[in-house]
Amino acid sequence: MSSILVIGKPNSGKSLLFNRLTGMNQKVANFPGVTVEIKSSAFRRHRLIDLPGTYSLQPITPDERIAVKKFHETVASDEVKGVLCMLDCTRLERSLVFGLQAQRVCQEEGVPIMFALNMMDDVARIGETVDVEGLKQALNAEIRPISTKKKQGLDELADDLDDMIRNPDRFVREPGEGDGSDYLKRSHELHQRFGPDVRAILALQQKLDNFFLSGTFGGLVFVLIMLLLFQSIFTWATPLMDGVEGIIGWLAGQVSSGMSDGMVKDFIVDAMFGGVGSFLVFVPQIMVLTFIIGLLEDSGYLARASVLCHRTLSNVGLSGMSFVPYLSGFACAIPAMMVARNIPSTKRRLLTIITIPLMSCSARLPVYSLIILVLVPANKVFGGFVDLRGVIFFALYFLGIVAALVVSALLSKYVIHEADDAPFMLELPPYRLPSLKPLLTRAVNAGKTFITKAGHVIFAIAVIIWVLGYFPYGPGNLDSSYLGIMGKWIEPIFAPMDLDWRYGVAILASFAAREVFVGTLGTMFGIDGADENIAGLAANVQADGMSLASGAALLVFYVIALQCGATLAVMRKETGSNRIPIATFVGYSLLAYLAALLTYMTF
Amino acid sequence: MTVQLAGLAIKSHEETSLDAAKTMWDMARGEQGIVAALVGLSEAYKLRLNEIGVFVGAPVACVNQPPMSAPKVFQICDGIFSLDRDLADKVVLN
Ligand SMILES: Nc1nc2c(ncn2[C@@H]2O[C@H](COP(=O)(O)OP(=O)(O)O)[C@@H](O)[C@H]2O)c(=O)[nH]1
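Protein chains in written order, with this note's numbering: chain Z, 2 to 604; chain D, 4 to 97.
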């Protein structure tokens with residue numbers, strides 16, 4: 002199978018094109034490897050490889066370094082049979098700065114290259130166009146004008162790519178005028194001669210920026226958008242969660258009514274439906290969160306948010322560039338640490354990586370949700386507009402953010418003294434109306450990945466917990482089971498917060514993965530005879546009488562504790578150090594315990 | 004040379020103060036200028052600034068001054084970039 006490399010400057014539409022051409026069946030989220038951002042997938046009889054975007058072949062950030070290194074390596078190898086370089090016609094000059102450099106390298110290596118001129122719909126909308134023929138001649142290369150969003154020109158582009166593989170010689174050409182060193186001047190000239198007049202696009206962007214970056218509203222809008230994010234995780238996901246809970250409860254009823262009483266039935270009901278099922282209830286929230294983060298990412302607002310946050314984050318040793326990794330950290334810390342590669346400053350990047358695990362990732366969602374459902378009534382506040390549970394939810398995320406800022410400030414002042422040499426520079430892309438379908442697919446994929454990634458750990462632990470909790474005396478005897486005996490050894494650890502051994506076991510088990518907390522509790526309550534409400538774990542915990550102080554302590558513990566082996570492994574890889582992940586793990590564990598204790602005492 | 008700037012009333016740089024060594028950071032919202040020199044930058048950053056369109060003779064304009072002492076926003080050729088003080092202060096204008 003011959004490979005085609007897709008390259009281009011950031012935001013030129015590479016990812017969307019990749020998904021359109023490959024039917025979105027690319028290997029997404031292949032963590033915990035570092036190759037997460039280099040996607041590859043089948044396209045016709047070929048394989049498309051999507052590299053992260055870069056402005057230049059002279060990299061200044063770690064992610065650009067990876068992309069440039071990979072570009073040189075693959076182009077020099079036999080693996081790649083052709084290169085497709087994306088040009089954003091609304092930012093033609095910037096696109097060509099990279100495109101001309103890439104074209105030169107391909108020509109030197111004898112690798113075929115062609116260009117896709119994307120976003121043609123945007124220039125058409127303002128009554129402009131690009132002189133494609135003129136540009137073709139000047140670049141001495143094949144150029145296909147397309148609109149990935151409107152799916153225009155994609156079949157033709159696919160045929161061009163086939164042609165490039167079949168007739169490579171046609172695509173290996175001298176790259177037009179000049180000797181290659183004048184790519185800056187040339188890109189400027191080419192833009193002047195053949196490019197569109199994009200003032201109307203810039204004017205619209207300017208209008209929106211005047212609002213989103215305005216002195217009066219900028220900060221307020223930022224806070225409102227963040228608040229909306231956390232509100233919607235609760236309000237939008239609730240019907241879906243209720244639906245899943247209903248289905249699981251119904252299934253459990255159907256399955257168990259068709260089975261005779263005994264160990265197998267107990268196992269199915271307690272471990273499968275009680276353990277794994279109670280975790281599935283929270284998957285819709287993960288999907289909603291992914292959807293909203295995607296919405297923000299796609300709209301272009303995140304770049305503005307990074308600008309707005311820069312000063313505040315700089316004061317604690319971070320950067321505006323830390324904002325997007327932080328936000329991704331709400332979904333999962335692992336890709337977030339990789340997103341931090343676009344922070345040029347070593348010190349700021351390190352501080353970002355160390356503090357990302359304090360962002361409440363989606364694995365904490367089931368735990369937060371469960372305890373909030375137990376402790377907080379479903380009241381509306383602020384005149385009926387805001388859900389109280391959503392507010393508490395926001396408070397937990399906010400607590401994580403505050404903890405991250407404090408930790409970063411302390412580390413920056415007392416521990417990490419490296420000089421900070423890299424200034425802040427960020428392109429603000431045009432605002433765009435996000436396309437719904439890719440966002441929905443992404444949300445569904447996030448749910449699927451979450452289930453498959455966490456599912457087997459949760460299942461395995463549910464089985465272990467069930468076996469230990471079921472024997473030797475069978476159902477209803479959890480207290481005197483093997484698990485009960487072991488649980489009582491560790492009871493003293495969490496006793497100061499008035500959490501009995503069952504919670505202790507669930508907390509310790511969740512060091513394998515946080516979501517395990519819910520499944521483990523579900524299994525234990527199942528064994529203990531709460532099976533008439535299998536998926537309704539919250540109701541069971543509520544009936545069990547968890548106090549407000551204990552619940553709050555538990556929440557604070559989960560906000561801070563770093564219970565994720567994969568996060569530590571990636572932190573080790575990203576920082577190239579063993580000491581950093583170990584110290585981070587120990588530090589956050591101690592901090593989590595102390596903060597939880599303090600919370601308990603305060604309530 | 005003029006900046007292709009839309010949606011803003013532009014004061015040409017000449018109309019504003021002619022203080023010695025005025026930098027990009029000194030520009031107010033809506034002001035434009037021509038790059039005279041890049042000083043005190045590492046080669047890598049100098050090149051990157053060149054690549055985004057900040058080179059001697061290039062027109063630049065300040066299009067936004069966000070709140071919370073945020074980095075300023077500049078229109079540089081067909082792109083909109085936000086640069087912090089560290090960087091913008093090293094771009095001297097004519
Ligand atoms: N109007 C328009 N928007 C597009 C087109 N292609 C991509 N986009 C949008 O441009 C933004 C950046 O696209 P993305 O694929 O993430 O770019 P990448 O950074 O190169 O991977 C997204 O908001 C896309 O929806 C297009 O042809 N027309």
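Wrong hints could be hidden among the right ones.
Simulated coverage check for chain D against chain Z, where a stretch passes if three residues somewhere in it have a Cβ under 8 Å from a Cβ of chain Z [what the hints assert, rightly or not]:
#1 29-40
#2 55-61
#3 66-78
#4 86-95
No more than 27 Å apart at the CA atoms, straight line, and that leaves these computed lysine-lysine pairs for BS3-like [as the list claims (entries may be wrong)]:
#5 LYS25/D / LYS71/Z
#6 LYS49/D / LYS574/Z
#7 LYS49/D / LYS70/Z
#8 LYS49/D / LYS348/Z
#9 LYS25/D / LYS186/Z
Honestly, the hints are just simulated from the structure, not real lab data. The beta carbon of each residue, even a glycine, is placed where N, CA and C say it ideally should be.
> Okay, which hints does this one fail, numbers in order?
Replying inline: 1, 5, 6
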